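If you're matching them up, the sequences are chains A and B in order.
One point on numbering: in the working numbering, the residue at position 180 of the first sequence is 180, and numbering is uninterrupted.
One point on numbering: in the working numbering, the residue at position 173 of the second sequence is 173, and numbering is uninterrupted.
Honestly, the hints are just simulated from the structure, not real lab data.
Treat the hints with care, as some may be off.
[What the hints assert, rightly or not] Derived SDA-like pairs: lysine to any residue, alpha-carbon spacing no greater than 25 Å straight-line: (1) B:K23 - B:D70; (2) B:K39 - B:L4; (3) A:K170 - B:N88; (4) B:K170 - B:V150; (5) B:K170 - A:D125; (6) A:K170 - B:K181; (7) A:K193 - B:K170; (8) B:K66 - B:I21; (9) A:K155 - B:N180; (10) B:K155 - B:G50; (11) B:K181 - A:E129; (12) A:K113 - A:E43; (13) B:K193 - A:R182; (14) A:K39 - A:E159; (15) B:K181 - A:A163; (16) B:K181 - A:R154; (17) A:K186 - B:R182; (18) B:K193 - A:I77.
This structure is a prediction, so every number in the text was calculated from the model and none was measured.
There are 2 protein chains.
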Amino acid sequence: MNNLVYSNNLFSGTREELVQILKENLSEKRFQHVLNVEKSAIELAQNNNGDIERASIAGLIHDYAKERTDDTFISTIKQKHMDPDLLNWGNAIWHGIVGAELIHDELGITDDKILTSIVKHTTGDVEMELLDKIVYVADFIEEGRTFPGVLEARKKAFESLDAAVGFETKHTLSYLINTNKRVYPKTILTFNKWVAE
Amino acid sequence: MNNLVYSNNLFSGTREELVQILKENLSEKRFQHVLNVEKSAIELAQNNNGDIERASIAGLIHDYAKERTDDTFISTIKQKHMDPDLLNWGNAIWHGIVGAELIHDELGITDDKILTSIVKHTTGDVEMELLDKIVYVADFIEEGRTFPGVLEARKKAFESLDAAVGFETKHTLSYLINTNKRVYPKTILTFNKWVAE
Numbered sequence: 001m002n003n004l005v006y007s008n009n010l011f012s013g014t015r016e017e018l019v020q021i022l023k024e025n026l027s028e029k030r031f032q033h034v035l036n037v038e039k040s041a042i043e044l045a046q047n048n049n050g051d052i053e054r055a056s057i058a059g060l061i062h063d064y065a066k067e068r069t070d071d072t073f074i075s076t077i078k079q080k081h082m083d084p085d086l087l088n089w090g091n092a093i094w095h096g097i098v099g100a101e102l103i104h105d106e107l108g109i110t111d112d113k114i115l116t117s118i119v120k121h122t123t124g125d126v127e128m129e130l131l132d133k134i135v136y137v138a139d140f141i142e143e144g145r146t147f148p149g150v151l152e153a154r155k156k157a158f159e160s161l162d163a164a165v166g167f168e169t170k171h172t173l174s175y176l177i178n179t180n181k182r183v184y185p186k187t188i189l190t191f192n193k194w195v196a197e
Numbered sequence: 001m002n003n004l005v006y007s008n009n010l011f012s013g014t015r016e017e018l019v020q021i022l023k024e025n026l027s028e029k030r031f032q033h034v035l036n037v038e039k040s041a042i043e044l045a046q047n048n049n050g051d052i053e054r055a056s057i058a059g060l061i062h063d064y065a066k067e068r069t070d071d072t073f074i075s076t077i078k079q080k081h082m083d084p085d086l087l088n089w090g091n092a093i094w095h096g097i098v099g100a101e102l103i104h105d106e107l108g109i110t111d112d113k114i115l116t117s118i119v120k121h122t123t124g125d126v127e128m129e130l131l132d133k134i135v136y137v138a139d140f141i142e143e144g145r146t147f148p149g150v151l152e153a154r155k156k157a158f159e160s161l162d163a164a165v166g167f168e169t170k171h172t173l174s175y176l177i178n179t180n181k182r183v184y185p186k187t188i189l190t191f192n193k194w195v196a197e
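The task is simple: from the sequences and hints, build the whole structure.
Set out below in C-alpha cells:
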C-alpha cells in the first residue's frame, strides 16, 4: 500500500510522512509490526467495505505509544484526569487507552473513529464499530504473528469479522487465565458480548 | 457432625431443625450436597481456627435458594431494589446474591458473616473473610465432587485456604471461557486478586 494517497485530511501529511514518524519512534521490530497491521487492516477494510484510509492510519499508529515510558503514561493519566483506576494497570492497557491521547496531541489526529479504534485495540469492547474490529483483528492476524491458532484466526477474519473478534478474545483470555495474568475487566465484557452464548 | 449443638443464637432452632428444613426444600441430590459442604466447611474451620457453628450453618444453607424459580429471584430483585443488572443474569448468580435475602427473610438468619459467605460463595470476591473462603472452597471440594482436579483442590484446601481459593477461581474461570459461558464480572476481580501475579 505504498501508493496509498491520503485525501481525507485525517492526518495532516502524506502516508510516507506518517510512516517516517513511526520509523523514528519505534524499534525496528515494532515498526515492521505496524506496517504488517496496516496491510492486514487495509485487506480487512477492502473485504468489509470499510474505509481504506482510516484502516491505513489506524493500523500504522495503533502502537504509536507502545514504547513510551511508564512515567509518560502516568503523567498523562493525571494531567488529563483520566480514570484513576488506570494507574493500577500497565503498558499493555495504557498504550491503547492513554496512547490515543498522545496520538491526538502529538500527531494531531482528531478523528473519533480512528482514536476509538486505538482505545479499543487491546481490550476490545461491548460496542465495536467496523474500524474497531478491523484494527483489533488485524493486530492479531498480521503476517508476522506465529502463535498456534493464527492460521485459523486468519481464515476466520476473512469469513466473518465478528467471529474473528470472538476467536481473538477467547484466545487472549485463555492465555491470560492460564498464565495467571491480571485481566482488565473490560476484556470480560468483550468476551461476554462476542463469545459467550 | 450430627452432635453439633448450636449455642450462639445464629439460627433460632437446632441443627436438626435446620437440616429438616433443607431436606424439605431441596432435591435429594442437593440435600446430600449441602450435608457434604457442611462437613467440609467444618473441617476447614477446624483447620483454620474458624467458627464451627457458622461453618455448619453456612455450609447447610448456601444452596437454600438454588431450586427456587426464576420468577422468585426476579421479583425479589425488584422488590428489594437490588442492582437491576442482576436481571441480566440467572440462577447461578442469583442463588447466592439474591438467595441470601431469601435466607434472611425466610430462615431468620441475620448474621452478617453467614449472609456474606452465601452472597460470595459462587463468584468469590476481592475481599474474602475466613468464613467466605471456607464456604467457597468447601462447595468446591466436598466429597461428592468428582471433576478432574478435585484431589489437588482438596489437598490445597488443607494446606492453604488462600491457595485453594485461587485454584478454584482459576478452574471455574477456565471452564467458563472454554465452554463459551458468560462470566460474571466480579469473578474476574476475584481472579485478579487471588490468582494473578
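Query raised in the report: So which hints don't hold here, by number, going up?
Result: none
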